[in-house]
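Input sequences plus hints: build the corresponding full structure.
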Amino acid sequence: MTKVLVTGGSGMLGRRVVSRLAQAGYTVRVMSHQQRKEVEGAAEWAQANLATGTGLRDAVAGVDTIVHSATQPKLTGSKTDRDELGNADVYGTRLLLEAAREAGVSHCLYVSIVGLEDVPMPYFRQKLATETMVQNVGVPWTIARATQFHPFIATFLDLFTRSPLFLFPANLPFQPVAADDVADYLCRWVEAGPSGRVTDFGGPEVLRADEMMKVWLREQGKHRLIIPIRWPGKIAAAIRKGGTLPRNGERGQISWAEWVREQAALRRAKQPLDLYPLRR
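Remember, this note's numbering sits 62 above the position in the sequence shown when you count from 1.
Hints may be right or wrong, so weigh each one.
[What the hints assert, rightly or not] Pairs of lysine-lysine residues, derived as DSBU-like cross-links and limited to a Cα-Cα distance of at most 30 Å, are as follows:
| id | residue 1 | residue 2 |
| --- | --- | --- |
| 1 | Lys-99 | Lys-65 |
| 2 | Lys-303 | Lys-276 |
| 3 | Lys-276 | Lys-296 |
[Said to hold, decoys possible] FRET-style restraints, in silico, Cβ to Cβ:
| id | residue 1 | residue 2 | range |
| --- | --- | --- | --- |
| 4 | Pro-256 | Leu-221 | 36 to 42 Å |
| 5 | Thr-223 | Glu-100 | 30 to 36 Å |
| 6 | His-285 | Pro-256 | 27 to 33 Å |
Just so you know, these hints were derived from the structure itself, not from any lab. From a predicted model like this one, the values you see are computed outputs, not experimental measurements. Glycine included, C-beta positions come from ideal geometry on N, C-alpha and C.
Shown next, in the form of structure tokens:
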């Protein structure tokens with residue numbers, strides 16, 4: 063029976079991948095820097111640290127495939143802090159894959175982001191450098207890129223809605239995607255084996271940020287005065303040009319409006335935003 067290691071397997075995306083792989087008959091080992099907790103479908107647990115390399119050899123021992131979804135998406139803090147996190151992503155992936163190569167792992171599926179070459183964000187540069195690392199360590203690989211997850215967009219929007227009146231960037235197109243849809247997409251590539259750089263994956267529709275904001279406010283029953291502005295800077299300019307959108311990519315099924323409605327219902331029930339039940 064194929065054994066799969068899912069790094070970041072207790073996170074928003076990782077636990078969905080774990081659940082689906084287990085249902086498909088794989089033996090799944092979760093790798094996390096945290097002590098074991100309940101993750102549906104996790105037969106085994108490996109506590110390891112990508113930043114230091116501690117526990118990585120044990121984590122990859124006896125594994126056939128790695129789904130590498132662990133990352134360090136921290137965008138705040140000092141330049142030194144951001145550089146250290148970037149090093150943890152790139153260097154940590156190198157440590158993981160060197161251990162995997164020595165252990166005879168036959169496939170690494172790396173989860174990445176659409177638009178790395180087009181949007182000049184520090185985190186995107188880190189992910190692009192990590193992709194290069196994945197391609198050159200010597201473990202057969204697949205790189206699968208997805209667009210921004212719904213909760214990421216929601217966190218961004220929520221920052222603005224704390225005031226009854228706010229300036230908001232207009233004309234920024236995104237193609238937000240559900241973590242459940244991405245998990246289905248990734249499990250297909252686990253089954254396919256090493257496939258190189260595969261088709262990008264996004265949500266079912268392209269929406270402007272202001273369109274997503276209107277849905278977000280409506281479903282939460284909030285009323286805010288939005289003043290649209292043209293967001294300055296190179297990052298916003300790249301996004302306006304479609305830098306975060308897939309080119310001829312695949313599309314998921316769960317729309318932004320559908321996901322927001324689910325979250326609004328959970329908020330009314332006082333449930334945490336990231337803990338809604340996994341879709342089957």
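The hints, checked one at a time:
1. Lys-99 with Lys-65: 20 Å, holds
2. Lys-303 with Lys-276: 22 Å, holds
3. Lys-276 with Lys-296: Between Lys-276 and Lys-296 the Cα gap is close to 25 Å, so the pair holds against 30 Å.
4. Pro-256 with Leu-221: 36 to 42 Å: 40 Å, holds
5. Thr-223 with Glu-100: 30 to 36 Å: Holds: the Cβ-Cβ distance is about 32 Å, inside 30 to 36 Å.
6. His-285 with Pro-256: 27 to 33 Å: Distance hint for His-285, Pro-256 is violated at roughly 51 Å.
In summary, the structure is inconsistent with hint 6 from the numbered list given earlier, while agreeing with all the others.
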